[in-house]
Every structure is written in structure tokens, then in C-alpha cells.
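*Asks:* Use these hints to put chain U onto chain R, whose structure you have.
Spelled out, the chains give:
There are 2 protein chains.
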Amino acid sequence: MSEHISEIEKEFLDFVKKMQAYSEALGLIYWDLRTGAPKNGVEQRSEVIGMLSSELFKMSTSEEMAAYIASLSGHNLSEITLKTLEECKKNYDRNKKIPAKEYQDYVVLQSKAESVWEEARAKADFAMFQPYLEKIVEYKKKFVEYWGYEENKYNTLLDMYEPGITVDVLDKVFGELREAIVSLVQKIADSPNKPDTSFLFETFPKQNQKDFSLKILEQMGYNFESGRLDETVHPFATGLNPGDVRVTTRYDENDWRTAVFGTIHEGGHALYEQNISKDLIGTLLCSGTSMGIHESQSLFYENIVGRDFSFWKQNYDLLKEYASGEYDNISLEDFYRAINESKPSFIRIEADMLTYPLHIIIRYEIEKGLFNDEIEVKDLPKIWNDKYEEYLGIRPANDREGVLQDVHWSGGDFGYFPSYALGYMYAAQFKNSMLKDLPNFDDLLAEGNLTPIREWLTKNIHQYGKLKKPLEILQDVTGEGLNAKYLIDYLKDKYTKVYNLPVETH
Amino acid sequence: MSEHISEIEKEFLDFVKKMQAYSEALGLIYWDLRTGAPKNGVEQRSEVIGMLSSELFKMSTSEEMAAYIASLSGHNLSEITLKTLEECKKNYDRNKKIPAKEYQDYVVLQSKAESVWEEARAKADFAMFQPYLEKIVEYKKKFVEYWGYEENKYNTLLDMYEPGITVDVLDKVFGELREAIVSLVQKIADSPNKPDTSFLFETFPKQNQKDFSLKILEQMGYNFESGRLDETVHPFATGLNPGDVRVTTRYDENDWRTAVFGTIHEGGHALYEQNISKDLIGTLLCSGTSMGIHESQSLFYENIVGRDFSFWKQNYDLLKEYASGEYDNISLEDFYRAINESKPSFIRIEADMLTYPLHIIIRYEIEKGLFNDEIEVKDLPKIWNDKYEEYLGIRPANDREGVLQDVHWSGGDFGYFPSYALGYMYAAQFKNSMLKDLPNFDDLLAEGNLTPIREWLTKNIHQYGKLKKPLEILQDVTGEGLNAKYLIDYLKDKYTKVYNLPVETH
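Read top to bottom, the protein sequences are chains R and U.
According to this note's numbering, the first sequence holds residues -9 to 496 in order.
According to this note's numbering, the second sequence holds residues -9 to 496 in order.
So that you can see chain R by itself, here it is in the shape it has in the complex (with noise of 0.2 Å):
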């Protein structure tokens, strides 16, 4: 029996070999198409990626995989498998329980709602994506009756990003959150000490920001020899297995920001990827555990790292070398306040790091109204606008500006905006633990020592792939469930200084 189970196992293993295989081959042509894929091509490759995508998805949810999973559960296995077909169950009961044929039609609406909302955004014309969004909504309420929840429908789709994440955790850590940023915001507004910035915005050449941001990838611990950095429009860092996870990135002449905080936020998302443990390879289980998690790591290195006075007190020099003289007469002090400058602002990617969480709280609450009937879609422009005059004390002028900002909607991905700020929690939750280990984090930073740090993230995340889940991670490392408290006073200290705020007393 236990000889005939480890050979069904063998087989099973196999059988997810093949479709990591087609994943791979999947992730390498989205790839070519982000970096420089000839354009008269793509009509057949998108003809390629349609197979291979079909042929997956066949697997995921062919008999099978249902004699696997069926023949497999509850017998003694090796972790690597016994997780793997946990990760096998949920994509084949998700994918099995919706009706072929309404997965189809909501797939064809898919495509049809993202190019209207790209035409709708340019003439920041709602009521022409409104319609779109009704159904697309329509459906994934559905899909959330079929799939079945647990106490509120947004749970099911919060699930599918953030597993364990549910809207009681949500809302208890977004309202504190919500609470500490508004009110650190209305100081910086009052506050007379507003940093100068004006030098951020001389011409860098574009290869000396390129330049610069190889050797900060460098430093952070990238491997070259299991990647490479390219230029896109939108950039981002992709795992095809952890020899080969590729970064991009893309310049602004005008504001080098772009291109070097983008790159160590994509290198820390990288980093997660190339050092997942080589045991995982070709299972299911061998990248990210999630989206929160990634985003940890990537504003981990972006933000705690990237943006501190001390990763500076290192690379002023640096940076200085190739810039075109336009930092020799900034002091240090006055170059740190500057790229930590924090203002409100309309549009999400553009936000600063301090009010970035306040743009993923209004999409939150915005999702969870509308998945629990008490927002309908014909009225989130004005929703949209109130809150942000409510949090962030600015009103768009427009729905390009507003409600029509982000492709998420247009392609259902409900549930998907918390984890950005999720990850931020995270990253500052692992930063206090991180520090029991390494009590000298600044002086690493100041040194350009980033080893030790690489280190330790390996060791306590990136290793695990999937292997452990989101909460069971933050669980391990830190010894506690998801607490705000560490975002919090980290926003708190960092913006008290750069604006020389007034110290709370109690």
C-alpha cells in the first residue's frame, strides 16, 4: 500500500513538474513581450500564451488531478508534496466550482473592460467604464456564492492574495493605521520645515542612473549570474526560477528617484525569488508565498533600507560620483529630507511613503462596501473623492486623477490592494525583529554591509517559498500576529525628524 502511494506520489510530483514547466515558459514570454518583443509578433505569441495557458489551467482542473488528489490526502507524505497538493486543491476547487461556461463569459468581459476602462481613463470618462465594472463586479460576486465564504464575502477574496487575512484583521489594523498617518499628515501640513527638493529634478543621464543602480543592486546582494536588469515602461521583477529572476526598471532623465528606488524595489522583490531554497524547484511551491509577503520585502528594501539616513551616510558619495555636480554644495541632512519628502497626492504609484497606505485603505474600504451591498458601482466616483478629501484632505479634479487610476478593477482583481500595505506592516514588523538579531542595522547600512541583512531575510522568509504560509512566517519570525504598532512607529519617528515635528507627549 505505503509502496503504492509513494509511487502515485512519484507521478504526481512529475505531473507538476510539467505544469511548472509551462509556467516557466509562460513567465519567459511575458517577459520578451515587457522588454522588446518585435511588435508584429505579439498576435501569434499571444496565440502561444493562450495554449500553454489552456493546456495548464486543463491540468489543474483534469481527472487527473482529481485521482491525485483524491488518491494522495490523508496519507503520510513528504512536506514538499503534502503542500504542493494543498496548493493543487485549492487552484482545482477554485477553478472546478464556476461553471465553464460563466468563467468563459467573464473572461471575454475581462478583455473587453480593461480596454474600456484604458479609453474611459484617457477621457476620464466614468460612465463609459461604469457599465463594465457592474458586471464584472456581478460576477465576482457570484463566483464568491460558488466558491462559498466564511463570515464576509470580501474574505474569499482576500484569500486569494493574502491567505488568512480576513476584513475583521483588516479593519482593526487599517484603522489604527488610518488614524496615525491622518493625523502625521495634518502636522507635516502645519509644519513650517517643509525640506527643499528642487535638486531632485536636474538632469541625470540616464546611463549614470543606470549605472548607479547596478551597483546598489550590487550592494543589496542581486545576483548577476541569476538575472539581469532591463528597461520597461512599468517595471517589475520576475521569478522563472531562482537562477533567473529578472529585473526592470525605468529612467526619468528629469528624476533619477524613479529608476533607483524603483530598482532596489524591484531587487528586493528579486531578492525573495533567487533565494528561494533550490529544493522547491519544479513543485508549485517555489516562489513567493504572497503578494503581502513579496511586498515586504520589496518595501523592506526600498523603504527601511533604501530611504534611511544611514544607506546614505554609504551611498551620498556614490550617488554624487554620478550625478552632474548638482549635490556638492547639499549637505547629507538636507539630500535625506529631501527624497523623504511627504505630501498628498492623487495618483497611488506616485505617493510618497508615508501616504501611500492612506490610498490603499480607501481602495480597501471602497472593495468591501461594494462585496457587501453597501456601495453600489454607479456611485464610486463621489465615494472615491469624498475619501480622499477625508484622509488625504485633496479632492481630484477628475476620475483620470480619481476612481479610474488603477487597471485592478478592470480585470476583477478584487481583494488585491490591501496587500501593499499589508507588505509595508510586515516589512516594519520584520525590521523590530530583525534588529534582536542585528542591533547594529544602522551601522551594516552605513557601511554598505547589507549581507548579514540579505542573511537573515533569507533564512527567516525567503528560503520558504510556499512552503509556510503569510501568517505562519510573520508567526515565526516575529512571535506575533499582524500588529500595526510597528508601522506606526516607524512613520511616527522617521516623519517626526524629517519634519522636525513636535514630540508627542503622553
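Honestly, the hints are just simulated from the structure, not real lab data.
Ideal placement from N, C-alpha and C gives every residue a C-beta, glycine not left out.
Hints should not be assumed to be uniformly reliable.
From chain R, some residues computed to sit far from chain U (all C-beta separations above 12 Å) [as the list claims (entries may be wrong)]: (1) 19; (2) 42; (3) 236; (4) 406; (5) 433; (6) 453; (7) 484.
List of simulated lysine to aspartate or glutamate pairs, DMTMM-like, C-alpha gap at most 20 Å [claimed, not checked]: (8) R:8 to U:45; (9) R:7 to U:269; (10) U:29 to R:269; (11) U:29 to R:208; (12) R:268 to U:37; (13) R:29 to U:269; (14) U:303 to U:323; (15) R:487 to R:432; (16) U:80 to U:69.
*Replies:* Frame of chain R, contents of chain U only:
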């Protein structure tokens, strides 16, 4: 009945479309591996290649395929279906006739042989490679028995690369060609009018070589919205689909001809693939019809266009712009003679365009001898060197510059070499026919107007992909079969002028 057949036909075409999608994905993976995939990802990428290739192989030899062949053969089908079915049947028969176990052993041997060959070549030690080559030849002979053959065993191998070409045909044309070239080589050796080539080896910055090459590609009519130019150690062109045909080149700052003529050569291959009829996308017919016809296109551009006097009338000033002054005092005539220098040399891929066919003919004679049991592997070094001495008047000092120089035999690719010289003959023969439609060929080159030339090639050759067999194209375009006369006339005419040889009298 006919309705039933048309249903099966549709299913068959869908099946083939899927095979083609896997091929395209594989093509992109290979391109990526050669143009900059990170080293550490290669091992896992090989797994992906293995998975997709074996899927493709399984499909081509599947029971489904057998059923399609059985049910569709003999029925009234569209031309595309018919030719696709022929292609599938050919592959099916070829793959099914070899016992699976033998084929697997052979694949293992191949991969060992290739790495042994690499080491043997580095050490110039044929004895090391000999036992592997003997086994490869032995397997290949057995395969020929399985596949069957007509008249000559080597015909079966020729048929894999150049359907329709036989030993009878090659003996005749290669015999004529050899005689003519050997005689020209002798006359050139005796000629006092050797061109000065020293100026070709002045430093030419890589970026300038690239910019110049791009201008020439543009002039050729290479569509940059359907392709891109990258850098690799071994240049190649790859047609993923007609909208995505990529070329690569190599830069040598001390000899710009490597990059420029290499780019023109690969550009010639690329024009073929870019201009295949879109109707053939997704079938198995959407690529060049044979190795030889493919090579005819690259050699047509590299030599008949790219090393022509009129071509440089147009482009010599442009070259001077990108060079660093070393051509300012060199006349167009002297430049033209320099780039057409001919001098016997040992290494095939570095040979000039007169002696090149001799390198091929030597390999052809040896391969034919091996498969007809007239030559034994152990005698190859001596036979090789004797032939070089006889035809080219030079004798390799060791096996690295002799019999070990090419990778082909270690992979069992017998029958492939003749295509290179066939391509050259086809090219000269096409040129002759083209002159009837474009009698102003020289003027077109001198004006830099290569459009009518590309359009002629597209109309007569490119568009058909694999819809026509090589000899069918030759017959349709030139009204006759393979004829060595055109290449011989071309070579005599050209090198008589370049070396100011005494004109033959009859």
C-alpha cells in the same frame, strides 16, 4: 462523409497549431539562452526545454497523429492541409521506424559525443573523439536501414535537409564546381595582382559597426517592427513567426567584416522568414522550405548583393562615415578588391567566398564515403588533410584546424553540409533568373534601392514557406533543375576582375 472529413481536418489543424505553439515557445527559449539568459537559470531552463520538446515529439508520434494521417490521406483537402499532412507523415514515419530504446541510447551518445568533441578539439586529439564518432556513424547507418533508402544510403540523409537532392545530382554539380574553383584558386595563387587588405583591420568601434549594420539591414528591407538585432557569440537568425524574426551578430573591433557581412547574411535568412505568407502561420509550413534554399537567401544577400561593386558604390561613403578615417585615401576599387580577397585557409567558417565550396565538397565526399563503407572513421584525419592539400593546396598542421573543426558530426548531422554549397548554387541560379525581370539589377544596388529585389524574392520564394519543395521552387523560378554553371560563371567573372586574371579563350 465529406462533412465528417472536414471536421477531422479542422481538428487536425488545431492539433498542429498546438504543436506549432510549442515550437514557437521553444524558439524563444533558445533565443533567450543565446542572447543573455542568466547562467544560473540554465539548468532548470533545460528541464523546460526537455518537457516541451518531449511533448512535441509525443504529439508528432501519437496515436492521434496516426489516426489523422490514416483518416485524411487520399481525401480532397485544402493545399495547406495536404502539405501539412505530408510533413506530419514524414516526421511520423521517420520517428516511428526507430525502436524507442535505440533512439534513447543514441540521444545519450550524442550528448556525450558533443562534449568529448569539444575537449578533443581543444586538445587537437582526434583519437579521443574517434570511438564516439564511430558509434555515431554506426547508429546512423542502422537508422538508414530502418528508414530505407533508394540507390545510395547517403540519399536518405541528404533528404532530411534537402528533399530531392541525391548523390547522383551532387556528384555531377560538385564535380563541376570543384574543377572550376580549383582552377581559379590556382590562377589566383599565381597572380601578381594581390589586393592590399591591411586597412580592413584598423580599429572600428563596435557601436559604429552596429549603427552601420542597422542602416544596411534597413536598406535590405528588414522590418524592425517584426524583428530585432542582438549580439551573440555565434550569429544566427530565428523566425518565431513572420512577425518576429530576430537576428544576432558578433562584433570584432579589429575586423568589421565579421559583423557587417554576418548581419547581411543573417538578414538574408530573416527576410525569408519575415515574408512567408501569413496564411501559413500556425501550420507546420511557416518556415523556410529547406536548409539549402534558406542558405541561398543569406548568401544571395551576403555575397551577390553585399560584396558587389555596385552595392558599395552606394554604401562606401556611408561606411566611411562610421569608420575612423582609415578609408579616406582608399579608392572604391581598392576597397572592393580587398573585401573580395580569396586565399586558401583551413577553417570553413572563416573561408572566403571562392574557396568556401571546396570546404563543403571535401566534407560531402567524406560523408558519402563513410556511409557507403568506402571510408573508415579511423582514417579521417589523413583523408581530410590529403583532400585539403589536393583541392586547396594547404595541409592542416593538426586536427583542430582539420577534421575536428566542425560540431556537426558529433551531433550526427550527416547530410547537412551540402546545403551550404547548394545554397550558393541556388543563389547564383536565382540571380540569373532575376536579371530577366530586373535587368537593371546593378543600378538598383548602386541606388540603394533593394526593394524590387526583395519583392522579387518574396514573390518567387519567400511567400511559399514549406508549401513548395526546394527543387520545385528552383524549377518554377528558373525553368530548370540544379545547374552549377551559374555559380561557376559568377565566380569566374568576379575573380577574374578582382585579380585581373588572364581571360580564358576557348
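*Asks:* It remains to establish, for every hint, whether it holds in the given structure.
*Replies:* Consistency of the hints with the structure:
no.	hint	in the structure
1	19	6 Å, violated
2	42	6 Å, violated
3	236	8 Å, violated
4	406	28 Å, holds
5	433	31 Å, holds
6	453	16 Å, holds
7	484	36 Å, holds
8	R:8 to U:45	10 Å, holds
9	R:7 to U:269	35 Å, violated
10	U:29 to R:269	19 Å, holds
11	U:29 to R:208	17 Å, holds
12	R:268 to U:37	14 Å, holds
13	R:29 to U:269	19 Å, holds
14	U:303 to U:323	10 Å, holds
15	R:487 to R:432	16 Å, holds
16	U:80 to U:69	17 Å, holds
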